[in-house]
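Peer 1: Following the hints, put chains W, R and L in place on chain A, whose structure we already have.
Number of protein chains: 4
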Amino acid sequence: MKYTIFGESHGPAIGVVLEDVPAGLVLDMEFIRSELGRRRPGKDALSTQRQEADEPEILSGVFEGKTTGTPLCAVIRNSDQHSGDYERLRTLPRPGHADFAGFVRYDGCNDYRGGGHFSGRLTAPLVFAGAVAKQILKETGIFVGAHISSIYGVNDTALDDVSQLYGVAAKDFPVLDDAAGEEMKAAILEAREQEDSVGGSIECVVDGLPAGLGAPDFGQNGEGVFSQYLFAVPAVKAVAFGAGVAFSLMRGSEGNDPIAKEGERIVTKTNHAGGFNGGITNGMPVVFEVTLRPTPSIALPQETVDLSTGEETEIEITGRHDPCIVHRAVPVIEAAAALAACELMGI
Amino acid sequence: MKYTIFGESHGPAIGVVLEDVPAGLVLDMEFIRSELGRRRPGKDALSTQRQEADEPEILSGVFEGKTTGTPLCAVIRNSDQHSGDYERLRTLPRPGHADFAGFVRYDGCNDYRGGGHFSGRLTAPLVFAGAVAKQILKETGIFVGAHISSIYGVNDTALDDVSQLYGVAAKDFPVLDDAAGEEMKAAILEAREQEDSVGGSIECVVDGLPAGLGAPDFGQNGEGVFSQYLFAVPAVKAVAFGAGVAFSLMRGSEGNDPIAKEGERIVTKTNHAGGFNGGITNGMPVVFEVTLRPTPSIALPQETVDLSTGEETEIEITGRHDPCIVHRAVPVIEAAAALAACELMGI
Amino acid sequence: MKYTIFGESHGPAIGVVLEDVPAGLVLDMEFIRSELGRRRPGKDALSTQRQEADEPEILSGVFEGKTTGTPLCAVIRNSDQHSGDYERLRTLPRPGHADFAGFVRYDGCNDYRGGGHFSGRLTAPLVFAGAVAKQILKETGIFVGAHISSIYGVNDTALDDVSQLYGVAAKDFPVLDDAAGEEMKAAILEAREQEDSVGGSIECVVDGLPAGLGAPDFGQNGEGVFSQYLFAVPAVKAVAFGAGVAFSLMRGSEGNDPIAKEGERIVTKTNHAGGFNGGITNGMPVVFEVTLRPTPSIALPQETVDLSTGEETEIEITGRHDPCIVHRAVPVIEAAAALAACELMGI
Amino acid sequence: MKYTIFGESHGPAIGVVLEDVPAGLVLDMEFIRSELGRRRPGKDALSTQRQEADEPEILSGVFEGKTTGTPLCAVIRNSDQHSGDYERLRTLPRPGHADFAGFVRYDGCNDYRGGGHFSGRLTAPLVFAGAVAKQILKETGIFVGAHISSIYGVNDTALDDVSQLYGVAAKDFPVLDDAAGEEMKAAILEAREQEDSVGGSIECVVDGLPAGLGAPDFGQNGEGVFSQYLFAVPAVKAVAFGAGVAFSLMRGSEGNDPIAKEGERIVTKTNHAGGFNGGITNGMPVVFEVTLRPTPSIALPQETVDLSTGEETEIEITGRHDPCIVHRAVPVIEAAAALAACELMGI
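Chains as they are written, first to last, in this note's numbering: chain A, 334 to 680; chain W, 334 to 680; chain R, 334 to 680; chain L, 334 to 680.
Just to be clear, a hint being listed does not mean it is correct.
Unchecked claim - Cross-link-like lysine-lysine pairs, in silico, PhoX-like; alpha carbons within 25 Å at most: (1) 335(A) / 335(L); (2) 335(W) / 518(R); (3) 335(W) / 335(A); (4) 504(A) / 376(A); (5) 335(W) / 335(L).
Simulated from the structure, these hints should not be mistaken for lab results.
Next comes chain A alone, as it looks inside the complex (with noise of 0.2 Å):
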């Protein structure tokens, strides 16, 4: 099942093609709508402003209420667009945006209204995706969950059990624990009032996966195919599996799991390698964590350069900005990880 998405923030659509679907499923439009709720703004201030309906349309690959397993597209409709905010960053890149890079890479033509084909609005049709992937998943008892591990120093619980992330996809702010949530929501609110954003991080498990899938090589390798799908999110800057950095601190003797029996099934008693060993699955959940930078656009006035006169100048960013993206991403982040589980299913 491969994925491409296309659209820009600002232009008529934004939407995504899934080829290699597998034919017959039943696809459950609830769900997949409530994947985009999760990820579509609230009405409070943790989140833009712009309201978006995300109602999605399915052009192709879908008859019957079926998939037919041909190329199944979908397409959503800007509708909430002000670019008029945009019109005076033309030759303005914001720091930390993609602007400058994106500039140069497609020689000034992208569009640059809502930062165009880099806008975090193009996460609803990977989320689209993601839902038919965690669909398929599911099926075959395969779980995928995450939380909010942290927000701007700001810690979740550590997770314990896979079982502790089942009722964290109905929450408002997908944490394990509220009171730290509510810490974190404090720290995001503060940010936005003094016109800043913060960052943070999310973890992440994919359960049930079965022993054996993926392989050393480059290209088959498992965390290679996850890091692969999980940096195509934008604001994705670090992915680590298990004990991820903490390994660097760790001898032999305590990042190794000890092997064991759990029934007839071959477990081990710690998860310190995150469900990969040489690249394979070893049956136990994949754990992976990712950092999220601070969202980028903040009101507060910042350095740059403008690209038509060359000179050096500063640059505030008004119009409708998260302080905090960390929160809407959780679906995002399961989304991808869905679309790599998948992928290493031979799916």
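Peer 2: Same frame as chain A, but now just chains W, R and L:
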């Protein structure tokens, strides 16, 4: 330029096929040998005692000293195998190793001796491929360098400027601060004495890539491209670009890199982005850190399950092993980075 | 530049996503429409009576009239479906069609109405993609043209020089020799009257490709690249380059193309190789011929098996069908050739 | 299963890396050798006088006689090179060869001796790879066979039934009708005496593929998949499935294959489609014909241009050459077909 690595630790040979090498490159065999030498274990107690000449034989793709542009195959014969050490491990998967995952993946048919195709020995052909990539990059002014950033909690000094890396490749122990290096060595030797091993991290820089390489989309995202090469290196468990995991502690005003002029060039005053915005190079050095797990081969007794009987049991891993692979992995990470850079450059 | 086509003949829409379009192309919508017009059925008896406006809506990848370089999605709405014609064919696979193969492939879930995703209607988005490719090629002096070389045994005159093709695209019936064209039309109309259909062949030229594109190796072989695009066109059953099947009747002294100078250029005096040696362009025009099977939809009774009962039975295909698709396929073959040429050019 | 072929005709060795070979295959080395033997020139005047043992050394991917599932590298050393024959051809491109195209493609750096990487000698590792593929296919009941269908206008008898091919692989000259074979040999020997060469065609069958493999879409189209493997065989200039070019002379009522029952199986009464409808296997044997150009190496004087002086001149090709490669190409075409079938089977 694509690479395919083949071979097993105790098989007749290991090697690599490089496709789409630019034609007409006068292959610098001295440089290739010196890169292989950096990876080869020293004769001290910091590394394994296995001694291999690692002399590559080029079977194709080079004519009259120049690359032909057609596939280049280089082979390195194995000579110093002690396969007997492994016979009793045949059905005892080693914790932290890919033995169990590989057993399932390959239906019990993979070569278990010395880790087989999962062995760190397979990084020798990767270094060969990387040396070719580095030579190509060097001709267009691109530098690839790395240093150990930490071992078991001992940190090297922070990298301020790429030029600090210029002399590191020539060092026996690739750190910026040799005093820190001595502390790291002590940590390694102590672990070794205690029949244990240690993990660490490597910071790597690719300097000189032009702005505008890569794309935000899945499969072309610059960080995704790099991460796929990096996770294909055994023991890598985390990859972080620029400020990396520290982004989770930052506000946008801290994390954003101010844009400025440097002569005629547009640069950023800081490089928290690590050279990528929106998956596209921004003209600043690509900077990333990888975390390597401690060598899983340790002599201490560990819990495992005998795959032939299904009984829980213990294992003590004898034979020759690295108490730390971080220092030997530095040229390997550079090799992976060089190959990733070539992909982004369209080489 | 990669293309992905989606849609079904009787679904809401068909379309294409084009990735890696060069940025900054001023899209020539008039040209695109004229290419789509060449493929659209005429209002005569030579083609199906289904009438569609085939007006593409561009959802992404174009900003202020220019390509952005990010994925371009174009959608064509279906409007003139007569799905009722197909209801009774639901379980009756039509001989010569992909109904049975598709039924097995897609577990009976593919959209059978009008051939669904297998429909010749899906060549409209291919022509869209090809028109973009042609426009890009034209800007570097590359010409793509084709003519009907035969229909049901009636041959067009042989092509001596590429320039003979310049006016053909503007013709209603794309042949070099209009008298031969009239004979072909008569053959089509006669078949139609007899509730039958006819096959034929198309000769296509890509002129202006520089020497040195492609490689002998699998996946890069120039003829292999072209053939993959060409066989993806419905009804194509044979692809032959240069002298093609006549090579089997030749001696080396006849088949070899003498090498000569033409001004400063190195050329061949004949072009039996059809522009490729060893899978690499040699600077001569790429010339190939494709054979298209007769339209499988015919009104004559045919033998089939009812998939719901397992009984052998007969089928008569009513509805609107092309008695010949060769004339409408000329711009489609050109489109496939243009996309293949772009791949070889590294566009 | 992917294959990558490396090597040059007069380099140290040629070989192949096979990735994703199923683990646990007991490699049948006798069968591999017999397949390589079918390709090797006989000691008669029908083929080149170059004599090579063609004994493969397996460097990786096989352990205790079984495939490990990790990349399998097999190397064949070159021994009987006469490189002196080629020295004066260094700057004289041979008509019909890839010398000029390769010179441009590889900036004059390709190994010109014996055709280098373009040499028909590179089909030996392809036959190795194909033998592995055939062994895998055989275990699931799939048969791959071929015969010379024509040489220089002398036709073999038409194939009525796949079983006619069963004994052909054991023949010195792989035809159905040995009398026709004698005529073909006479045509070859006559061409040889006249310092010339002849072309021909090969018909190949893959029997036993289940219905439902492939897809109509670009990149997955069954005929497209096969053609990419087939055009990667040197000298192949045309590929036609089923009725092939004869479809251009047919009406739909002739070309369509009536659908019927054969016991419980759904079959077609004829197989004009050659086993594919809409790019998907229909359960009937895959049947195709390839056309091979006459060997371009002929002793007769031919026109060329000296690349060092830019002057038009003549060339006479001395050395050891095949007056026809069609008979030796039969196992090569089977090998390409077996690899294509594995791709469609998802092996």
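Peer 1: Would you pick out the hints that fail for this structure and give their numbers low to high?
Peer 2: 2
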